[in-house]
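Residue numbers (our numbering), protein chains in the order written: chain A, 1 to 304; chain B, 305 to 735; chain C, 736 to 1010.
Check the hints yourself; a few may be wrong.
Mimicking EDC-like on lysine to aspartate or glutamate, the simulated pairs with C-alpha atoms at most 20 Å apart in a straight line are [said to hold, decoys possible]: (1) A:K80 / B:D541; (2) A:K80 / B:D714; (3) A:K80 / B:E721.
Hints are computed from structural coordinates only; laboratory data are not their basis.
Below are the chains, spelled out letter by letter.
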Amino acid sequence: MSVATATEATIGRGPVSAAKRETAYPGWFLLPAAVIYSVLFLLPTISSLYFSLTRWTLFDATFIGFDNFAQFFREPFLIKGLVNTVIYAVVTSGMKVVLGMALALLLTSRIIARGYLRSVVFFPVLVSTIGVGITFTVLMHPTNGMINEGLALLGVKGPGWLTNPNLALFSVALVDVWKGVGLATVIYIAGLVAIPRDYYEAARIDGATPWQNFWFVTLPLSRPATATVITLSFIGGLRTFDLIWAMTKGGPGFSSDTIASVIYKQYQAGFFGLSTAGNVVLFILIAILVVPLTMLLNRKRGHE
Amino acid sequence: MTMIKRRALVGLTAGLLAMTGMVGIAYAQTSLTLFSPNDQAAVAYTEAMVAAFEAANPDIKVEIEVGPGGTERDNMVKSRLATGTMNDVFVYNTGSLFQAINPVQSTVDLSSEAYMSTILDSFKQTVTATDGTLHGVPYGQAMGGGVLYNKRIYEELGLSVPKTWDEFMANNAKIKEAGKAPVIQTFGDTWTSQLFFLADYYNIQAVEPDFAAKYTTNEAKYAGNVAAMGGFQKQADVYNAGYLNEDYGAAVLDDGLRMLAQGDGAHYPMLTFAVGTIAQNYPDLLNDVGYFGLPGNDAAKNGTTVWMPTALYISANSPNVEAAKKLVAFVASKEGGCDPWVELNAITGPFLIQGCELPASVPTAVSDLGAYFTAEGQTAPALEFLSPVKGPNLENITVEVGSGIRTPEDAAALYDEDVKKQAQQLGLPGW
Amino acid sequence: MKNRASVISGIAAIVFSFFVFVIPFLFIILMSFKDRQQASLRDFSWPNGFHLWDNLVAVVSTRNWMMVTAFINSSLITVVSVTLLIVLAAMVGFVLARRKAKWNGTIEFLILAGLMIPPAVVPTIWLLQGLKLFGTLHGMILIQVAYNLPFSIILYRAFIATIPRELDEAAIIDGARPLDVFFRVILPLLWPVTVTNIVVQSVGIFNDFTNPLYYLPGSSNATVQLTLYNFQSQFNTSYNLLFTNILLITIPPLIVFLFFNRQIVAGMTAGAVKG
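Hey, can you work out the whole structure from these sequences and the hints?
Pasting the structure below:
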């Protein structure tokens, strides 16, 4: 790339003074973004914190202290929602890591129709979540949905993907993976392509098997890609709402509720203070899970 | 980015900006916006009604904005009212959901309008705010909530319309023997699961006439009350007997109506507005579909639960209240509120405006419903029109009961809890 | 040999991808060819007749050509907000990656918070009203920029860290002003990650559903995702039109994708790997 040649051209010049460096990277570069972000995102978010302490009808708000939080934790389906949220995030990000890596290995190997396969895997990323939700709700219909009709041809009686309370959450997670694995694959492809050939060359000289190749070269060296995939899909999984809402609305009953859908239902029901309190709880949960995770992922990277 | 690409982008953006500018050209007349729900019948009516209104009032232009229906609509309406961004006139629920939009502050008081005397009292009580003022006019017709049934199956099997729950279950047994689905359920559209529970209210008030009042003041509960739990129990009965269509968990309203009209299923607990959809999709089969109220335990006290239509309201911060009032008065008149429905052939129940007659020929289910109205004391409004208290999770609970995930007793206790939050949010005394 | 193995695994992959990824799209396409009655069965079957054109006309002309308005609005919002996002996020990423300031930690926390916290709808509406931006395309664009900045900044910052510092220092010694350094030296080098940003963010913003629902009311302000509501209501759904609609609104993201296809992987390379 052009970076390399440009770098060579600059070798030999002296270092820049600290003062000059300061002015070269002026703080005001942050300003436009900071203004938009603070005014339109931070300000409303912080002001909403107050409403989490009120009984809020949108028309007026009565201060009730921490009652909303107490009420939120008394929600009969909160625990289930919490568990579901974590399951969903772990399942989707886990599958995206494994499948993304597998697909990336396949698509960087000398396989025929590579261009077609890469496009086709990425294609679901382009369809809107609502569109995907509608389509798969129809495909997963227990009796005349295409998936179960296909299984029936093989002599298998397909399950009620979205109607079986024990299965609904996993069915939605599966669709989430279908939609998102393209992005994970692309990130992994990028990671694999960037691994210098020398490592494989050295491994080959040492007589490494393909498995050893994967375990000792590919896997550790694609860790930055893994970190990116995990962070993005884990946060996405914890916040997930659109797809679940489009497919099951948290049902049947309450069996696929996640925290985000519980919060949304409270908002819909007009419990605005309560739902704001729920948002605060969701944020704290994400922070508790994600901050250590990113630190862990970053630290490991530092050791290399 | 290369220079050429950037220039092309700028050109494109400028072009697009110019086009949106054109969309926003102002009208010389008074312009109203109307926020309408998105179901076909409502949209067709709204378009016909607005065309008639504009013809009669050339100085007023009405722009229709179609928004989502159901619970998403509740959200949008509340957000818009609270932030003062509501359209001049809007269509919204009556009864318990009406109380939740803080009508005294957020909508225009219509109590002193002349046409109010021509609107039936049974409707007016559903748009009466806590201070006794009236805020809306009917946007549609009353509906029955009970059982739509297939008359051909009834004829073939020699069945008669059941007056009690036991007769209903006996019919179901024969229908199942004949290889048809006795009861259609469609939990793919979650809201349809509530019909057993909600339509059973006639039977509750037949036993406990003051249930609604006590319920509002937190003196009556569902849990432990056999009569009140009847709806949950009935839903559990049909599930336990294996009377449901195979795909009850995933089927949607459209499927349910297809099964009913084509005779694959015999009973479908539903609101009578659905005959409009049957008329559209299966016009030949329309008169094969009849209606009866959800049976209770006493044949002598047979009747049906009735739903009020949505209403048209004027937003309190509309800058065009005078023009908006003209539109509302038009909807409250025979020409605006009844004739378009008749012309569209979208009759689902009796009108709520005096002087409006149903046409001579109406779908069978609607005339079946009409019979309840002509007899004394055979109708009762659904609980949501008598009490502001309705739990937001009801449809999830009824899906659970109807799929055998939760017992009726459990469901009643859970629903009592659900209702509590709602009552507290409304600040009702006694909670 | 190796060749034969790759052909076999290739064919296996093609067959597999056909079932998993292609058939759902075929289903959407088939549905858009059907008439209302057949579509309402929602099964995987051959259309009874060719109704695509009728469906297209119905979808596009419904509600006074709402689809046309929606395409114009959505394209405008997407193009302008993605452009702003790219410039602003790249500037932030540039300074963050280059300058070791003591409040970098705070800034990073705020960025992460933006990824994690669901936005507060009603206070935001009040604010937009105060700024006279509620229900305007400008307001919607600024909202999209604010909500999507964190993701773009993270991508840019990671990428800029891989560009040798000597490059901008050379330009500084040559007397270039900061803006020149950024726009002439850095931004062109960021092209690969910019492509990634363009694709991911424009697809996200074009397909955004909830934010326009709240912040951009009014029929003249319709965006493409809202057109789905025309055919799916609480009481009845026209599946043929619904799927034609889905098909139609997937075309613009598809064009963006085909246009940038080859460059996406290149952009991801740097963004993900060196981060």
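Outcome of the hint check:
1. A:K80 / B:D541: violated (28 Å)
2. A:K80 / B:D714: holds (17 Å)
3. A:K80 / B:E721: holds (17 Å)
Checked against the numbered hints above, the structure breaks only hint 1 and satisfies the rest.
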